[in-house]
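Undergrad: Protein chains in written order, with this note's numbering: chain G, 1 to 134; chain Z, 1001 to 1384; chain P, 2001 to 2382.
Some hints could be false.
Cross-link-like lysine-lysine pairs, in silico, DSS-like; alpha carbons within 30 Å at most [claimed, not checked]: (1) P:LYS2004 x Z:LYS1006; (2) G:LYS125 x Z:LYS1019; (3) Z:LYS1245 x P:LYS2023.
A short, non-exhaustive set of chain Z residues, derived as facing chain G with CB atoms under 7 Å [as the list claims (entries may be wrong)]: (4) ASP1023; (5) ILE1024; (6) ALA1031; (7) PHE1045; (8) ASN1069.
The hints are simulated quantities; they were obtained by calculation from the structure and are not laboratory data.
What you are looking at is a predicted structure, and each value in this text was computed from that prediction instead of being measured.
No residue lacks a Cβ here, since even glycine has one placed at the ideal position from N, Cα and C.
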Amino acid sequence: MATAYQDRKIPVAPLNAGDAPFFEGAAAGKLMVKYCNDCKQYHHYPRPMCPFCYSTHTEWRQARGTGVVYSFSISRATGPIPYAIAYVTLDEGPTIMTNIVETDLDTIQCGQKVTVVFKPTEDPKLAVPMFKPA
Amino acid sequence: MTIKGKAYIGGIFEHPARKLGNDISQAELHAQCSKGALEDAGLSFKDVDGYFGAGDIPGGLLSMVDYLNLTVRHLDQTYTGGSSYLYLVAHAAEAIAAGKCSVALISLADFGRRGTAVRDRGEGIAEQPFEYPFGPVTVNLYAMAAQRHMYQYGTTSEQLAQVKVAASHHAQWNPNAVIRKVLTTEDVLNSPMVADPLHRMDCCVVTDGGGAVVVVSPEIARQLKKPKVKLIGVGESSKDQMGGKIDLTYTGAVRSGPIAFAEAGVTPADIKYASIYDSFTITVVETIEDLGFCKKGEGGKFVCDGNLVSGVGKLPFNTDGGGMCNNHPGNKGGITKVIEAVRQLRGESHPKVQVKNCDIALAHGTGGSLGTRHGSATLIMERE
Amino acid sequence: MSIKGKAYIGGIYEHPSRKIDNKSIAELHTECAKGALDDAGLTFKDVDAYFCSGDVPGLGALSMPDYMGLTVKRQDSTNTGGSSYLFHVGHAAEAIAAGKCKVVLITCAGFGRRGTAVRERGGPDAPFEYPYGPVTVNLYAMAARRHMHEYGTTSEQLAWVKVSASHHAQHNPHAFLKKVVTVEDVLNSPMIADPLHRMDCCVVTDSGGAVLVVAPEIARQLKTPRVKLIGQGESSKGQMGGHVDLTYTGAVRSGPVAFAEAGVTPADIKYASIYDSFTITVVETIEDLGFCKKGEGGKFVSDGNLISGVGKLPFNTDGGGMCNNHPVNRGGITKIIEAVRQLRGEAHPKVQVKNCDIALAHGTGGSLGTRHSSATMIMERE
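Bound conformation, chain G alone (with noise of 0.2 Å):
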């Protein structure tokens, strides 16, 4: 069996008073996490105050943009193409949601190796990290 991927129109949720870091950096080729300079710890998804210490000195960095997949699921009847949803532990710590993309969506398996490729849209001005096998 194979299924093959098909580019997606993506939606965008209205974004919150310091979203757009995440949305912005992506459509300039960049996987922006946060990172608390307090206990120096990765979260996500990002908030001005960091989930686990509680500490207001976060910041934006730029992730290496690799990681695993933690899971997946090909979802065949929720939508008028296949799309594969994942949860991906990036070599920074965090699990985030994402996409897994360009591949043959039955090839993927939890822990494969993923590198971060970035996706317009429906706002020209953002676009989305989503993930490829490495």
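Given the structure of chain G, go ahead and fit chains Z and P onto it with the hints provided.
TA: Same frame as chain G, now just chains Z and P:
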């Protein structure tokens, strides 16, 4: 079979802002308020084991708890409009009394000044087809309560105005208050009529902001440095259109009040300070009657002659300036009612408005609309 | 410092319909309320507290009491998704224990089959999830996939959850799916979101139910067999700032709280209502509640171990959300109802557990894949 003495208010925080820019999200504002109340208590997010929120938590209960990364064993999202936060304090006390949590965080954060589009409130609302066509908005619904109270009891616009005047006397000492000018009866009566008989100044302020309250078990309270404020009585009830037997001259406080007083074992005469929900001037007049501070129908007379002004009258109320002049974050005044009552009991109110020997205080919330459906909750607290 | 024995389930009602065209949501809530009151032998005038969740129309806890003409002194509108009603029972017991009310009415009702437009919920998490196409089934599917990866759980094992439920549903005349199905039936049903097939999912129904939680002094006056609440626990679990772990649920916290309060262990449970939005929900929950070791849930549910009269842990003997009913996509209230039927000895004779003296009901709301809530109730026949 009571929550008396089973829970304490361990921490309070009122956000100092009244107008916020677009650079802060609602979730972040909740986090700031929560952090403020926890710091006030000397506790941290890791100590929280119960989270309580109302209709203003973005994405719902599960999103907020995830955002704050809390590990909880009690969750409550009772929503009764602006009174929700007093319901939540009461529910937190029950949960603590049952051993279900020991540090309950309650937060409110919203942007009232961004305005709210008139919205279709959702699918299947039973009453909506029979109300919506007639143009009900918050102010004209409360105005109908005021109109009827005037008709039935002879209450006057001058009397209602005293609620705003008294609040302004307090607000002058609050550097964060929206309206700090001391107002006169004429100021209120000369302000534009918004919905007869309510003038613009019969209405509360509209603000961005928020606050948080931490309710704790007695064991936790003993470890905190702040003066101990003990919850001794709570009551709640709602009131509505009763199948067409409408009566706009009284509120759910006729039920929530007696329950709270009985549990606390005190009477209105024992209350040294009262936070009374003041969305509109009429809200205060009806509530004061229903809580038994005066006879039914005499609320208009009761609020006159500075009787609500701290240091002057018999019932010092809303010494932060209340919703009338200080703050009504996101159109919900409940949490600030709890907060100022706690300040009074701790002796932390502004010296110009601090009630002497303030050992027992009451806070009352009214949510929704006096003209249709509303929630009422009464808390009675004691300085230990 | 406990709710043990402070409250009883005095009345239950499950609406018999699964597809409804000609009623309003408020009317359906009221029919369910009336059903539970009739069951208890009480009236609307006896109700002094009303609890509801996100399925009620109008403003929070205010509109439905107005519609039903209730005078209440305790309200709760906690919404944690389909588990809400198990949260409500715990809160009701706390309120009754505190002397705040004596007859708590909890209702759930709505039209799942009318469909719900996919909405962006406006949470702080939404911008970081919505672009990736999360829907309920693919989020649960990611939990299933990871559980398979870490513990070797198989699709065949998951299928046993549906198979077991169908064995029970055949005896329920109201069940949406009454046909007994096989593991092959489940595996041959269309793949919705790998690894979950159509038959790994619960049914979608228009329906509802109601539960009355009453004070001990009220319970003593009722004709219905007495079902006492002896333990309740609740919690939630989220993405933990990026420390995502989809292999366990909030039941790891709600379960131990409820068991400790009740003073019983999983071995004492004669019947369990386990929230079954998807097959994986049951497998993870059974592990987290301690019915088997972590990772062995797939093995545990196999070979009829969940079937009444056959296995060690009879579950969802009404057919559950899998086959019977999942009103308005919320399966919590029916979990409580079937557990009470079992304790009363009112389950269908073909599925009634013998000497059913202690039962458990567990609810899971929201999504295992992102944020969910968990509540566990333990009840005893008196």
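Undergrad: Would you mind marking each hint as holding or not holding in the structure?
TA: Do the hints match the structure? See the list:
Of the supplied pair hints, the one linking LYS2004 (chain P) and LYS1006 (chain Z) holds, its CA atoms being roughly 18 Å apart against a limit of 30 Å. Taking the CA atoms of LYS125 (chain G) and LYS1019 (chain Z), the gap is about 29 Å. The hint holds against a cut of 30 Å. Proximity of LYS1245 (chain Z) to LYS2023 (chain P) is assessed by CA-CA distance (about 25 Å); at most 30 Å being required, the pair is judged to hold. Of the supplied interface hints, the one on ASP1023 (chain Z) holds, with its beta-carbon coming within about 5 Å of a beta-carbon of chain G, less than 7 Å.
Hint status for ILE1024 (chain Z): holds, given a least beta-carbon distance of 5 Å to chain G, under 7 Å. Interface hint status for ALA1031 (chain Z): upheld, as the beta-carbon distance to the closest one in chain G is roughly 5 Å, under 7 Å. Taking 7 Å as the C-beta contact cut-off toward chain G, the hint placing PHE1045 (chain Z) at the interface holds, the least distance being around 5 Å. Given hint, ASN1069 (chain Z) at the interface with chain G, holds; its Cβ is 4 Å from that chain's nearest Cβ, closer than 7 Å.
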